[in-house]
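Sequence order for the protein chains is R and D. Mapped onto my numbering, the consecutive letters of the first sequence carry residue numbers 3 to 421. Mapped onto my numbering, the consecutive letters of the second sequence carry residue numbers 2 to 705.
A hint or two may mislead.
What the hints assert, rightly or not - Straight-line alpha carbon distances no greater than 35 Å define the calculated DSBU-like cross-link-like pairs of lysine-lysine that follow:
(1) K243/R / K38/D
(2) K219/R / K238/R
(3) K316/R / K65/R
(4) K564/D / K219/R
(5) K204/R / K47/D
(6) K43/D / K65/R
Keep in mind that the hints were calculated from the coordinates and are not lab data.
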Amino acid sequence: MNGCLDYQMTRRSMLGLSSATMLGMPIAQMLARAGETQKAKAEHVILFWCSGGMSHIDTWDPKPGRPVAGEFSPINTSAEGVQISSIFPQLAKQMHHAALIRSIAGTNGAHGRASYQLQTSYNQSANLIHPGIGSIVAHEKDRLGDLPSFITISGNARRAGYLGQRCEAYYVGRPGEKDPYLAFPSDITQVRGNKRLDILAKMNLRNVRGLDAGKAKAVDTATREAVNLMRSPALKAFELKGEDPKTVARYGDTPFGRGALLARRLVETGVRFVQVNRGGFDTHNNNFPAMQNHGDVMDPALASLISDLAASGKLAKTLVLVLSEFGRTPRINTNAGRDHHARCFSCFVAGGGIRGGQVIGESDKDAMLPAERPVNPHDLHASLCHALGIDAAKEVKTPLGRPMRLINEGAKPVMELFG
Amino acid sequence: MKRTIFCLLKLSLAAVFCGVIPVGAAPAKVDQLVSQKNAETKKPLKRAGQIDDLTFLRRATVDVIGRIPTSAEVARFQKWPAATRRAKLIDALLTDARFADRWTVFFSDLLRVRSNATGGNAFLAYLHKSLEANRPWDVMAREMLSANGSAGKVPAVGLILGEDVDSMAMAAATSQMFLGVRMQCAQCHNHPTDVWRQRQFYELATYFGKTRRVENQFSQRVYTTEGQETNVLWPPERRKPKVRNAVEPKFPFELEEFAETPSHIKRFEAKRTAEAKALAGGVKGQGLEDLLEGVDTTKAFNSETGFGKSVTEEAKAATAALDIEGDLYRQSKQRAELAQMVTSPRNRYFARNMANRMWAELIGRGFYEPVDDFQDLLTHHKALAYLADEFIASGYDLKALIRLIMTSETYSLAHLDPTMPLADRLAAEENFTAAITRRMVSEVLYDSIVAAGHLTEYKWPAGANRRTYTERVRVVDGPVEGGAPTPLPVASPGTLNMMAPRMGGGGYDLEGQIALNFDELLKNELQKDLAAMKMMSDAELAAQQQRQMMAQQNASGPRMRYKYVEVERTVDDNPRFGSTMRMATPAPPAHFLRVFGQPARDSLANIREHIPSMRQQLMMLNGKATHEAARVGPMEPMYQYLGGEKQNVREAIQLAYMEILTRQPSAAELTFAREVVGSGKPALAGMADLRWALLNSNEFRYIP
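My request is simple: use the sequences and hints to build the entire structure.
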C-alpha cells in the first residue's frame, strides 16, 4: 500500500492499484524499472518552494561584469569553479554537496500556470487537477513511523488532485509553535482527555440508529490513528523547544530558519516529503534589497541544514531542492526590479545520492536563454522520482477513469545529477 | 418590454407565495414505481421500517436547512398534531431563512463556485438570492448559460468567467453540470466508452466560441462580450491540419418529439401561461416563449429591482467617462438558443439531471451514479422518469422537487440492522428499500456543532474566560550599522497576528469563518472592491506583505535588524461562531471545511469526498468548536440543571441528548451518562465530557 493516509478501500484506490496490471507493461521494462528502484538512494525530500519567481542571476547564476549583473558580486564556493551570489556566504561553504542546474527552460511566465507546472510536471488543464510532487511521493512511498508522509510548512502545498484528500499535505502553520490539533485543548488534562476518549469509545459501541457498520468502523480507525499520533513520541519532532538554542540561532531564528530546522527533524523522524514555503520573490520593484533580505534569511538556514544532514549521514538519503516557478529578467527595469523570466532559470539540488560540487547546463552570457543542456521543468520531477526509485511512467486512474502518468510524458531524469 | 421584465421577476417569486408546490398523490407514486421494479428482483429484498418522528425531524432539518434542530424546534414540532406534523415540518423548513444557505452549498459544488474567481462572490450571492426567491431552475440555467456582461454587475456571468470563458471548458461544464453527462473526454478524442464523438463536442463548444473575456486595462474591470468569429475550429489542432474551419453549432442531445404533447409538458405550459397571465394582469398577446426569452440575455440582475436596467444602460453609465460605445456587452444569440435547448422540457437530460442529483443528495444514492455520468443502465427507470416529469410539470420548481422526494416513504426509511449480512444490506440500499448512511457535509457538520453547543450567542459573561497565551512576534532590534536602506516595514508586536486572524489565540485559525454579506455583494459593484472579500491563503498573505514592503520602499530609513520575541497576550476567550455557509468559498486548503471534504471546485471532476481521515479526527477531538460546544456556559439552558445547589442530573442528560442527538437517551444510556456526569468535578465538567463525546460520536455526524 502507499503512504497516503488510507482508511478504506475506495473505488478510487482500487482503480489505482488495478491500473498497473490492467495497462500491462513489457517485462523488460518492468525489470529495468526494478533495477532503478534498487539503485535509488533517496528516501526523503525537502523542497524549499520560493513563490513569486526567484531571480536566478542574483542567486545561482551570477553574471559578473555584464550590465545585467545587478548589485551582488559572485563569491567562490567549496565546489571548485562554482560561484554563487554574495547573498549566500554560508551556503557557499556547502556547495561541494550541491549541484546547480542553470538551464531550466520554462514556458510559463504567469505565476499560476508556472507554479502548477513546476510542482506537478504538467501544464494546467481545464480537465483535471494533477497531483503535486509531494502528494505523488506520499502516494508511492510507504509511510515510515507515526507522522504523516507529506508535511507542508508556512504555506500550502500543491494539492493532491486526482490522488484524493488522503494524499494532501499535513499543514503546519507556524514552525515551532504548538499545533493545537495534535493535543487535547490546554484546559483538558491528559487524564481527562483519555477519559473522554474512553467515554466516546463506549458510546460508539451502541449503534442506536443502526448506522452503516463499515462507515462507523472507518471513523474509529481514523480516531485510533489520530490518538496514536497524539501519543506518539515522534511528535517531539515538531517541538523546537528541545533544540539547543544555539542550533535555533544557527539556522537564523526566523520562520524560514525554524521551518528548515523543523524539516530536518521531521525527515529524521521518517517523514517522506517536507515542503517549506517562502513567498516574496516577485521582485518587480527594488529587487536588490529584497534579495539581500532573502539571502540574510535563507543563507543560514540552508547552510545549517545541509551541513547538519551531511554530518549525521542523512544527506545521502535526503534530496534537498530549492525551487521557484521561474526566474527573473536579466534586464533591470526602471523600478530597480526584475520581471518574470521563464525561458531560463536555475535551481539548487543537494543530497539524495546526487553528485555534489557540479553545475549542470549553462545559460548564455546574460542568463537570457540556456546555452547548453536545456532542462525541461518536468525533467526535474523525473529526476526526483529517479532519486527516490519511483516509476515516473506509472499510470494511475483518475476518478473519471482516465489513465494518467504520474509524471508528464517525455520527462527524463537529469542523469548528470547522479553520475 | 418593461412589463415583461416585471412579470418575470414576479414569476420567479410566485412559487414561494402562491403555494404552487404539488402535494398529494405524487410521492406515493414514486414509491410505487420503485417497489414495482423491486418486485422483479429474484431474491426478495430486505425492507427497513419507517423512522420515528424525532428521527424524521433530525433527518429533514439537517437536509433542508443544514444543521440539527434546536430544542425550540423540537418543542414546536412536538406540539403539532401527529398526523400532519411531518408535512408541516417540511413546509416550515422550505420557508426557513437557512434554506438558501444550505442549498447554496449544493449549487456551489455543482457549479464550481469560487469566491476568488473573477465575479465569484457575486455569483455566489446570485445563487443564494435565486434560491431564496425559489426561482425556477430552468430560468437560472438560461441566465447562467447565456449571460454576457460585467463581472459582479451581471452576476450570472460568474459561471462562464469561472470557466475562463473557454469554449471547450464551457462545453464540458454545460453537459456535466446541467445535463449530467460527461462529454469531457470527447474534447481530445472520441469518447472511449461512450457514444460521444469529438466532432459533437466541438459543435457544442462552438456555441461559446464567440464569447470573449475582456479586461479594461484602466479600471481592471472584467466583462464578457461577443466577438465576430468562433474560436472553435475543425479539425482539432493536435492533428496538425493544414486548414481549420469554423465549426457550426449543433446541439448534440436529441430533443424529444411527440405525436401528442404529453401531460407533464401540457401542465408545464399551462402553469407558465397561467402565472404569466396572472402577473401580467390579464394582458394578452405575449406567448410563453416571449416571456421566457430575454430573461437575462439582455437584462442585468439586481438584488433589489430584479431584472431591471438593461446591461447596455448600465454599461453606458459605467463607462461614460471612458467613452466606450454602448454595445460593450453584446449578447449572444447563439448561447441564448443553446440555453433554450438545454432547458427545454423536451430535453430529457435537463430535468432528469436535477431530479437524480437531488434524489442522490437526499436519499444517499442516485438512480445512476456518479450523478454527472448518465448511463442508460438504470434499474429504476420509471421512477426517475416520473420524478423528472413532475419536476418539469412544476415549472422546474426546486422546492417542489425537494418536497416530492422528502414526502416519499423512501425518504423516511430506517436503516437496516447493521449486523445483517453485508450483501443483503447493500442490495437493499441499492434498491432504495433501506436508508443509506450519509455523513453531514462539512458545512452542515460545523454548523450543527455550533447549534448543539449554543455558540451563536455568548454563553459566558464578559471576562469569565480570560486566557493568557504566548506568541512569537518580530520586533525591530535597532538599525544595522552602515547598512543600506531596509526594504522591511517596521514591524510591531501584532504583525503576525494581522497576517492570520486567530480564534482567540492558541492557533485555531483553521476553524475560523468570516461571513460575507450577500446583499452587499450585489449592490454598488462599481464601487466595491471584490478582491478585498477574497479569502487569502498564507502564500497570498505573504505576497501581500511583500507588496506592502515594496510600497514602503521609498519611505524607508536605515536598514533595520529584527529579532523575534515571545509576548504574552491576554484575551477574553468567549467566542461566538457564525455559519460556515456564509463564508467565502471554498475555504483555504487546511480549513475544517476542506478537511471534511469541501471540494476545491477547481475542476469538473472535483467532487465532495466523505472518507474519514486522521486529520478530521484531530480537528474534531481537539478542535476549538467541539471544545467550546461541550463546555457548559452559565448563559445556556443546561446550566439551570447543574449550575446551582440543587442538581437535576436526569433532566440535564435528557437535554444533552435532545440538543445533540435529537432523541431521548435509553435507560442504559441514562445510567452510563449518570456515571460520566457524576465522575466530573464539578458535575458541569462531567457534563462537558459527556457532551464532548456525544458531539464526537458517529451518531452525531451521520444522518440518522
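Right, here's what the structure says about each hint:
no., hint, result
1, K243/R / K38/D, "66 Å, violated"
2, K219/R / K238/R, "29 Å, holds"
3, K316/R / K65/R, "33 Å, holds"
4, K564/D / K219/R, "49 Å, violated"
5, K204/R / K47/D, "29 Å, holds"
6, K43/D / K65/R, "80 Å, violated"
Comparing the model with each earlier hint shows violations of hints 1, 4 and 6; every other hint is respected.
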